[in-house]
Amino acid sequence: MTWPIKQAVRGELATLLAIFQDGDDETVRVAARFEGRLATVALLQLLDRHQPDEDGKCDDCFAARPLLTRLITRPGLCTVYRQVRAAQQDEDAADRRHRLVQRSTSTPVPAR
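Per our numbering, residue 63 is the first one in the sequence shown, and the count goes up by one each step.
These aren't lab readings, by the way, just hints derived from the structure by calculation.
Computed from a predicted structure; not experimentally measured.
Mixed in with the good hints there might be a few duds.
[Said to hold, decoys possible] No more than 25 Å apart at the CA atoms, straight line, and that leaves these computed lysine to any residue pairs for SDA-like:
(1) Lys119 / Arg144
(2) Lys68 / Ile81
(3) Lys68 / Glu116
(4) Lys119 / Leu106
(5) Lys68 / Ala101
(6) Lys68 / Glu88
(7) Lys68 / Arg147
(8) Lys68 / Leu105
(9) Lys68 / Arg99
(10) Lys68 / Leu78
(11) Lys68 / Phe124
(12) Lys119 / Leu139
(13) Lys68 / Leu108
(14) Lys119 / Ala94
(15) Lys68 / Asp115
(16) Lys119 / Tyr143
(17) Lys119 / Leu105
(18) Lys68 / Ala94
(19) Lys119 / Val103
(20) Lys68 / Phe82
(21) Lys68 / Ala148
(22) Lys68 / Asp122
(23) Lys119 / Leu109
(24) Lys68 / Leu100
(25) Lys119 / Ala149
[As the list claims (entries may be wrong)] Computed spacing ranges between beta-carbons, pair by pair:
(26) Ala80 / Lys119: 30 to 40 Å
(27) Ala70 / Val92: 16 to 26 Å
(28) Gln107 / Leu139: 13 to 23 Å
(29) Val71 / His112: 14 to 24 Å
(30) Leu100 / Trp65: 13 to 23 Å
(31) Glu116 / Thr89: 36 to 46 Å
(32) Ala148 / Gln107: 17 to 27 Å
(33) Thr64 / Ile134: 29 to 39 Å
(34) Leu108 / Leu130: 24 to 34 Å
(35) Gln107 / Gln69: 17 to 27 Å
(36) Ile134 / Gly98: 37 to 47 Å
Think of the CB as a built atom: it goes at the ideal place given N, C-alpha and C, for glycine as much as any other residue.
Produce the complete structure using the sequences and hints provided.
So, in structure tokens, the structure goes:
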């Protein structure tokens, strides 16, 4: 049986992703304004738990490793920050982004 909170979170994120990728302009604007803000806050809270040093080493990621691994290795790069950054830079996902997001960042999206 799947944990209900996991199902709810993943379901809502999958819905948001579908809206952002395939929704009409107005639906994307509404979703970005309300749900996008909540998703961003949740991501920032997750990132707040991870405090990598200037070299990218993260104690929280290190503590999650098995005990034997921790005894014979040193902290590694923060996997959470690496995964978020990889998702932000994903070239394949760039073609699936909604056309409002694909526009140049120097061109603001007009408000309705």
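Evaluation of the provided hints:
1. At most 25 Å may separate the alpha-carbon atoms for a hinted pair to count; Lys119 and Arg144 meet this at roughly 11 Å.
2. At roughly 20 Å between alpha-carbon atoms, Lys68 and Ile81 fall within 25 Å of each other, so this suggested pair holds.
3. Only pairs whose Cα atoms come within 25 Å are accepted, and Lys68 paired with Glu116 is rejected, the gap being roughly 33 Å.
4. Simply put, Lys119 and Leu106 have alpha-carbon atoms about 18 Å apart, close enough for the 25 Å limit, and the pair holds.
5. Distance check on the hinted pair: Lys68 and Ala101 sit about 15 Å apart at the alpha-carbon level, within 25 Å; holds.
6. A distance of roughly 29 Å separates the Cα atoms of Lys68 and Glu88; the hinted pair therefore is violated under the 25 Å criterion.
7. Proximity of Lys68 to Arg147 is assessed by CA-CA distance (about 23 Å); at most 25 Å being required, the pair is judged to hold.
8. For the suggested pair Lys68 and Leu105, the alpha carbons sit about 15 Å apart, so the restraint of at most 25 Å is met.
9. A distance of roughly 20 Å separates the Cα atoms of Lys68 and Arg99; the hinted pair therefore holds under the 25 Å criterion.
10. With a C-alpha separation of about 15 Å, the suggested pair Lys68 and Leu78 falls inside the 25 Å cut-off, and the hint holds.
11. In summary, the hint linking Lys68 to Phe124 is supported, as the alpha carbons are separated by about 24 Å, within the 25 Å threshold.
12. Between Lys119 and Leu139 the alpha-carbon distance is near 4 Å, which keeps this suggested pair within the 25 Å criterion.
13. Taking the CA atoms of Lys68 and Leu108, the gap is near 15 Å; set against the 25 Å cutoff, the hint holds.
14. For the given pair, Lys119 sits about 32 Å from Ala94 by alpha-carbon distance, which is inconsistent with the 25 Å threshold.
15. At most 25 Å may separate the alpha-carbon atoms for a hinted pair to count; Lys68 and Asp115 exceed this at roughly 30 Å.
16. A C-alpha spacing of about 10 Å is found between Lys119 and Tyr143, which places the hinted pair at or below 25 Å, so the restraint holds.
17. For the given pair, Lys119 sits about 19 Å from Leu105 by alpha-carbon distance, which is consistent with the 25 Å threshold.
18. Between Lys68 and Ala94 the alpha-carbon distance is near 22 Å, which keeps this suggested pair within the 25 Å criterion.
19. Restraint check for Lys119 and Val103: the C-alpha separation of about 23 Å stays at or below 25 Å, so the hint holds.
20. Of the supplied pair hints, the one linking Lys68 and Phe82 holds, its CA atoms being roughly 21 Å apart against a limit of 25 Å.
21. Pair hint Lys68 plus Ala148 holds up; C-alpha atoms about 23 Å apart against a cutoff of 25 Å.
22. Straight-line distance between C-alpha atoms of Lys68 and Asp122 comes to about 21 Å, which keeps the hinted pair within the 25 Å bound.
23. Of the pairs offered as hints, the one joining Lys119 and Leu109 holds, with about 14 Å between alpha carbons and a cut-off of 25 Å not exceeded.
24. For the given pair, Lys68 sits about 16 Å from Leu100 by alpha-carbon distance, which is consistent with the 25 Å threshold.
25. Between Lys119 and Ala149, the direct Cα distance comes to roughly 20 Å. Compliance with the 25 Å bound is thereby established for this hinted pair.
26. Here the CB-CB span from Ala80 to Lys119 is close to 36 Å, well matched to the stated 30 to 40 Å.
27. A hinted range of 16 to 26 Å for the beta carbons of Ala70 and Val92 is consistent with their spacing of about 20 Å.
28. The supplied range of 13 to 23 Å is met by Gln107 and Leu139, whose beta-carbon atoms lie about 21 Å from each other.
29. Distance hint check for Val71 and His112: the Cβ-Cβ separation is about 19 Å, which falls inside the suggested range of 14 to 24 Å.
30. Checked against the given bound of 13 to 23 Å, the beta carbons of Leu100 and Trp65, roughly 20 Å apart, stay inside it.
31. At roughly 42 Å, the beta-carbon separation of Glu116 and Thr89 lies within the given 36 to 46 Å, and the hint holds.
32. Taking the beta carbon of each, Ala148 and Gln107 are about 20 Å apart, inside 17 to 27 Å as hinted.
33. At roughly 35 Å, the beta carbons of Thr64 and Ile134 sit within the given window of 29 to 39 Å.
34. The supplied range of 24 to 34 Å is met by Leu108 and Leu130, whose beta-carbon atoms lie about 27 Å from each other.
35. Remark: the range hint 17 to 27 Å for Gln107 to Gln69 is upheld by a beta-carbon distance near 20 Å.
36. Ile134 and Gly98 have their C-beta atoms about 42 Å apart, which keeps the hinted 37 to 47 Å range intact.
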